[in-house]
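Given these sequences and hints, build the entire structure.
The opening position of the sequence shown corresponds to residue 1 in full-length UniProt numbering, with each subsequent residue numbered one higher.
Keep in mind that the hints were calculated from the coordinates and are not lab data.
Take the hints with a grain of salt, since some may be wrong.
[Stated by the list, open to error] When the alpha-carbon atoms are kept at most 16 Å apart in a straight line, the in silico EDC-like pairs for lysine to aspartate or glutamate are as follows: (1) K39 / D25; (2) K39 / E9; (3) K39 / E60; (4) K13 / D1; (5) K39 / E22.
In this text the structure is predicted, and so the values were computed from the model without any measurement.
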Amino acid sequence: DNIVRLATEGAFKGKTFHDVAEYVDTFGHRITGSESLEKSIDYIEEILRQNGATNIQSEEVGVADWRRRTLRLAFWTAEEYGYWGSAQYIKNHANEFGNLSAVLEADYSCLASTGLVYYGVPGLACILEEVINLVGLMATGFRSPANLT
Numbered sequence: 001d002n003i004v005r006l007a008t009e010g011a012f013k014g015k016t017f018h019d020v021a022e023y024v025d026t027f028g029h030r031i032t033g034s035e036s037l038e039k040s041i042d043y044i045e046e047i048l049r050q051n052g053a054t055n056i057q058s059e060e061v062g063v064a065d066w067r068r069r070t071l072r073l074a075f076w077t078a079e080e081y082g083y084w085g086s087a088q089y090i091k092n093h094a095n096e097f098g099n100l101s102a103v104l105e106a107d108y109s110c111l112a113s114t115g116l117v118y119y120g121v122p123g124l125a126c127i128l129e130e131v132i133n134l135v136g137l138m139a140t141g142f143r144s145p146a147n148l149t
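This is how it looks when you write it as structure tokens:
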């Protein structure tokens, strides 16, 4: 309650947004383990001290099973005229499928939609299909590893 009162009525009234904007502009990303995260923690601890905090505790927090990933976005046209686009892309990158967590393709063309294609963990396909059914996406079909063969 004291923190909320300070931000809405007290010493910080009217400047909280500015302070947050300055904080983000100064430190940018604060990815776990990065130098910018460590500097931002030191900065916040100092601000707390300057504002009378006396019991500041900081502790290490790990991110379980965090691994650097690659996110790849691919866009194409004219696949209706042959193996250009997604079908060719799949052929060209078939050797990488073992490294994929998921591929989600939504084909929105000027022709009739071919629907939604999902490649990834088979157990996730049924969840994704259920979500699509619930939200009523305009897909004429849903294909996953289970029904692509």
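Now for the hints, and whether the structure bears them out:
At most 16 Å may separate the alpha-carbon atoms for a hinted pair to count; K39 and D25 meet this at roughly 13 Å. Between K39 and E9 the CA atoms are separated by roughly 29 Å; this puts the pair beyond 16 Å, and the hint is violated. Annotation: proposed proximity of K39 to E60 holds, straight-line Cα distance about 14 Å (limit 16 Å). Restraint check for K13 and D1: the C-alpha separation of about 14 Å stays at or below 16 Å, so the hint holds.
With a C-alpha separation of about 14 Å, the suggested pairing of K39 with E22 holds against the 16 Å cut-off.
Hint 2 from the earlier list is the only one contradicted by this structure; the remaining hints agree with it.
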